[in-house]
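Asks: What follows is each chain in one-letter form.
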Amino acid sequence: MTSTRQATDRRVDDASRSRLADLLVDDPTDLFENAPCGYLSTLPDGTIVKVNRTMCEWLGRPAEQVLRTRLRDLLSVGGQVFHDTHLEPLLRMQGAVREVALDVVRSDGALLPCLVNAVELRSADGAPLMVRATLFEATARRRYEREILAARRAAEASEAGSRTLQQFTTELAAAVTTADAAAVVLHRSRRAAHATGAALWLVEAGPHAGEDPGVVLAGAEGIPADLLDALAETAPGRVQVVLGGGVRTVPAGSALRAVWPALADAAAGAGCSDLVVVPVTADDTHLGALVLTLDDGSADGDLISLAEPGQHRSLNEVETDLLATLGRQAGQALERARLHEETARQAERSTFLLDAARLLARATGVTETVERLAEMVVPRLADMCLLDVVGEHGMARVVARHGDPARQRLVDELRAWAPPHRELPAPARAAMQEGRTQWFPALAEDWLADVVRDPAELTAVRALELASIISVPLVAEGRSLGVMTLSADRRRRPFTRADVELAEQLALQVSLMMAKAQRYELEASTSHTLQTALLPPPPPQVPGVSVAVRYLAATYGVEIGGDFYDVAPLPGDHVAIAVGDVVGHDITAAATMGQLRSVYRSLLVEAPAPSAVIDRLQASWPLLGLQRMATALFATLDLPTGLLHVASAGHPPPLMIIDGEAEYLPVVPSRMLGAPPAPALEWSGVLPRGGTLVLFTDGLVESRSQDIDAGLTRLREAARRSAGAGPDELCDRLLADLAGTHRADDIALLALTRDA
Amino acid sequence: MSARTRNDVRVSGRDGARPMVFAHGYGCDQNMWRFVAPEFESDHQVVTFDHVGFGNSDLAAYDPARYGSLRGYAEDVVQVMRDLELTDAVFVGHSVSAMIGVLAHEQAPELFGAMVMVGPSARYIDDGDYVGGFSRAQIRDLLDNLDANHLGWSTAMAPVIMGNADRPELTAELTNSFCRTDPDVARQFARVSFLSDNRADLPGVSVPTLVLQCSEDVIAPEPAGRYVHENVPGSTFWQLAATGHCPHLSAPEETTAAIRAWL
Numbered sequence: 001m002t003s004t005r006q007a008t009d010r011r012v013d014d015a016s017r018s019r020l021a022d023l024l025v026d027d028p029t030d031l032f033e034n035a036p037c038g039y040l041s042t043l044p045d046g047t048i049v050k051v052n053r054t055m056c057e058w059l060g061r062p063a064e065q066v067l068r069t070r071l072r073d074l075l076s077v078g079g080q081v082f083h084d085t086h087l088e089p090l091l092r093m094q095g096a097v098r099e100v101a102l103d104v105v106r107s108d109g110a111l112l113p114c115l116v117n118a119v120e121l122r123s124a125d126g127a128p129l130m131v132r133a134t135l136f137e138a139t140a141r142r143r144y145e146r147e148i149l150a151a152r153r154a155a156e157a158s159e160a161g162s163r164t165l166q167q168f169t170t171e172l173a174a175a176v177t178t179a180d181a182a183a184v185v186l187h188r189s190r191r192a193a194h195a196t197g198a199a200l201w202l203v204e205a206g207p208h209a210g211e212d213p214g215v216v217l218a219g220a221e222g223i224p225a226d227l228l229d230a231l232a233e234t235a236p237g238r239v240q241v242v243l244g245g246g247v248r249t250v251p252a253g254s255a256l257r258a259v260w261p262a263l264a265d266a267a268a269g270a271g272c273s274d275l276v277v278v279p280v281t282a283d284d285t286h287l288g289a290l291v292l293t294l295d296d297g298s299a300d301g302d303l304i305s306l307a308e309p310g311q312h313r314s315l316n317e318v319e320t321d322l323l324a325t326l327g328r329q330a331g332q333a334l335e336r337a338r339l340h341e342e343t344a345r346q347a348e349r350s351t352f353l354l355d356a357a358r359l360l361a362r363a364t365g366v367t368e369t370v371e372r373l374a375e376m377v378v379p380r381l382a383d384m385c386l387l388d389v390v391g392e393h394g395m396a397r398v399v400a401r402h403g404d405p406a407r408q409r410l411v412d413e414l415r416a417w418a419p420p421h422r423e424l425p426a427p428a429r430a431a432m433q434e435g436r437t438q439w440f441p442a443l444a445e446d447w448l449a450d451v452v453r454d455p456a457e458l459t460a461v462r463a464l465e466l467a468s469i470i471s472v473p474l475v476a477e478g479r480s481l482g483v484m485t486l487s488a489d490r491r492r493r494p495f496t497r498a499d500v501e502l503a504e505q506l507a508l509q510v511s512l513m514m515a516k517a518q519r520y521e522l523e524a525s526t527s528h529t530l531q532t533a534l535l536p537p538p539p540p541q542v543p544g545v546s547v548a549v550r551y552l553a554a555t556y557g558v559e560i561g562g563d564f565y566d567v568a569p570l571p572g573d574h575v576a577i578a579v580g581d582v583v584g585h586d587i588t589a590a591a592t593m594g595q596l597r598s599v600y601r602s603l604l605v606e607a608p609a610p611s612a613v614i615d616r617l618q619a620s621w622p623l624l625g626l627q628r629m630a631t632a633l634f635a636t637l638d639l640p641t642g643l644l645h646v647a648s649a650g651h652p653p654p655l656m657i658i659d660g661e662a663e664y665l666p667v668v669p670s671r672m673l674g675a676p677p678a679p680a681l682e683w684s685g686v687l688p689r690g691g692t693l694v695l696f697t698d699g700l701v702e703s704r705s706q707d708i709d710a711g712l713t714r715l716r717e718a719a720r721r722s723a724g725a726g727p728d729e730l731c732d733r734l735l736a737d738l739a740g741t742h743r744a745d746d747i748a749l750l751a752l753t754r755d756a
Numbered sequence: 001m002s003a004r005t006r007n008d009v010r011v012s013g014r015d016g017a018r019p020m021v022f023a024h025g026y027g028c029d030q031n032m033w034r035f036v037a038p039e040f041e042s043d044h045q046v047v048t049f050d051h052v053g054f055g056n057s058d059l060a061a062y063d064p065a066r067y068g069s070l071r072g073y074a075e076d077v078v079q080v081m082r083d084l085e086l087t088d089a090v091f092v093g094h095s096v097s098a099m100i101g102v103l104a105h106e107q108a109p110e111l112f113g114a115m116v117m118v119g120p121s122a123r124y125i126d127d128g129d130y131v132g133g134f135s136r137a138q139i140r141d142l143l144d145n146l147d148a149n150h151l152g153w154s155t156a157m158a159p160v161i162m163g164n165a166d167r168p169e170l171t172a173e174l175t176n177s178f179c180r181t182d183p184d185v186a187r188q189f190a191r192v193s194f195l196s197d198n199r200a201d202l203p204g205v206s207v208p209t210l211v212l213q214c215s216e217d218v219i220a221p222e223p224a225g226r227y228v229h230e231n232v233p234g235s236t237f238w239q240l241a242a243t244g245h246c247p248h249l250s251a252p253e254e255t256t257a258a259i260r261a262w263l
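Keeping their order, the protein sequence lines are chains F and H.
When we follow my numbering, the leftmost residue of the first sequence carries the number 1, and every step to the right adds one.
When we follow my numbering, the leftmost residue of the second sequence carries the number 1, and every step to the right adds one.
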């Protein structure tokens, strides 16, 4: 059993050994021809002198066609170059190469990826004799390698994208202003997309609420001016469309030409083949759009581009995603920068308005104030400030100021086309007529040409490079006072809504100041007319006495008061003298003074004693309906004898100067006129020949810095020093000594000297 | 770092004799000149070097921006020649190094005495009537092919080639390999080599120039060589019987003889 099995096994072994022997005694020719790899032998110059069948089958050519050609002739162009620059030199230098990847071109044109090993056979002296090469099909391996390569490239691209993004966010974080942020956005996105240029447009609210938002160019780099202009032309129309989509590529071809021929022309002129539009958003709010210009790749630094001329370059998915992310990051940063700038601008505006309010509060005259205001407005708010004001004789341009001294001359020239010579320029005229602000964020050239009235005016306006205008009417208490016009030239950012608000607040302050000042001016002139009318003319010549009078108005506050003096000759060689002071400094005070004086004059018909004058005035005060109280001093002088009667209604006593001595008369004052009546007391005495009587109102002796007693003492001393002077000279000296240059009150002064 | 270290500059031959500077082209390194350069050592000072990124040059000195155009390589050549205080040098440039030589001469003409261009081409891509020999698509194919080779190339090549136990100096050399280089460097060098257009620079060459044209050179075909000859004022055109793009390897005797005869 066992031996039988062993015999059988041996037989089986023998059979398989025999078959194996048969296989191993293989024909070397068959081994060469049908080997699982391609074989080639070439001469040193590459001429193929031997090729196996496997190789021929791979090539799809019979051996006769392959022989006598060269190895490089079997290769793709890339393979040929690699063969000549690497494989051949290496064989020469090293005698062998391994695993060189080359593509063999089959008869049907298909490429067969191969790995090539080769050795160089050399003679004893090292001269090359022959090259033997084996080629292994490497289709799957090459595909795998390509996938690895593609994956690595993708990883590198993604890493580069991350780096770009990181750099972008770092730089954006450092950007404080919109301009900084815009510069970063432009620079980085342009590099990320390998774009020739980039421009950033941001949405800005229009002049009127509810209007479609306009777009403003925030910055650009690498885009020629005409292409930028063409883009700007189309931007407002496209903005809504663009904002809706993601990153879009717009080929600068016939489709674009059909819609925007000018843009297509400009793009072609700039060598731009495609426009890429990237929305700039922050939390779903569309802030604007970034436009990148791509070329066809025909310029790549110093190098020739591999892109065929005229070919369109498309962004790959990684680039598109990166740009979309950049757009969102940019939006966040721009929003932040805007908020920051807005806060800073708010603070700046508040400061500006506060400064303006301070300036206006100190206002002493309209003209001077508006001029100083213009100095503040230019250049802080605008490049030019014009103020046209309604006056007594129509409108007049009271301010025309430019921030640039070189352009002031042009602004002065414009006066020729402004009030009072001509009517207002169009924006100011519209503001006046409609009673509301006119805002021109941008000025179209044809509009300008349309609204100016003279070619010379247009020349001046153009030279000023006006880019943006605000005209605000000046209105107060329902009256139109004038119009303020501000302009920005091309060097300044166009006026925004915030600028308009600021201008309006400023105009309101100016209007109130002007209205107040105009009211004061009106009142002052009315009062002065009134007072001049009420004050008696220079005292009449009275025989036996010399009289001098002075009336000094207050130097600040309202230039009007209720002081008066009066000298009236009475029958029987008598003269009546009076000095009074109505409380208050306004028209009412002046009017009261006028009434008081008239009533006093009418009383003189009966030549009453001074105390009687007071009693009668007191008695009639309620009947007269006088609204103010008053102090007064009444006196009568008998000219032949010098007998003097004096009565006082709450008034400072008169001063008598005799022989160089000055003394106040001890007149006991009764109550002020208008106060509850009490009997008046009368002082009687004699004014000797050569003696002088001085009557005055408290403005002479009373001031904010000294009380009335000190003032009275000073007056007496001054009078003593001036004793001997005539009434005129005395008045002048007393005023020189006592009346300061700044007076809060009027002064009435009367000096009477009895002839010696 | 000195240019000598950076570019692995090797100087041999007769000190004080007229210098010859051999610049390797696209492909491998200064070893390409191993059969030609020694032939001039008897009566010249012979200088060979590696472009940065190749051979034993200092890879750390590779700056993609500097070497993003041939000018960066030309600046290196000028620095090498200035470091060695060469004058009246014969610059022998193979392939793209012929154009690097043109640019170096533009930067410092005083260093040059003569120029030998081996297989030059001022532009590889056809342009209108100009024949460079390649279409854009073909150059793309070439760059792709280069990528395909880098994967196996960078790690596997040198160890496999070893085995010359009887010539240890060659083994050491082989370990460093002649054509191994960083794939990114090789890719960029291929780009600047094949995508440059130096036609406008040719008329500026003011030294005697020899154009050596190989037979059946697919990389620098005869029209490209003739174009260089016609545009370099007073140049000499010499047709070699040697085929391919590397006559200094495939036909060193003929190449040497041609240069000698012209010099």
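No lab work stands behind these hints: they were computed from the structure.
Source: prediction; values computed, not measured.
No residue lacks a Cβ here, since even glycine has one placed at the ideal position from N, Cα and C.
Be aware that one or more of the hints could be misleading.
Taking beta-carbon pairs under 10 Å as the criterion, some of the chain F residues facing chain H (in silico) [as the list claims (entries may be wrong)]:
(1) Thr85
(2) Leu91
(3) Arg92
(4) Leu102
(5) Arg106
(6) Arg146
(7) Ile304
(8) Asp728
(9) Cys731
(10) Asp732
(11) Leu735
Asks: Decide, hint by hint, whether the structure agrees.
Replies: Cross-check of the supplied hints:
no.: 1; hint: Thr85; verdict: holds (3 Å)
no.: 2; hint: Leu91; verdict: holds (9 Å)
no.: 3; hint: Arg92; verdict: holds (4 Å)
no.: 4; hint: Leu102; verdict: holds (7 Å)
no.: 5; hint: Arg106; verdict: violated (16 Å)
no.: 6; hint: Arg146; verdict: holds (7 Å)
no.: 7; hint: Ile304; verdict: holds (5 Å)
no.: 8; hint: Asp728; verdict: violated (98 Å)
no.: 9; hint: Cys731; verdict: violated (95 Å)
no.: 10; hint: Asp732; verdict: violated (92 Å)
no.: 11; hint: Leu735; verdict: violated (89 Å)
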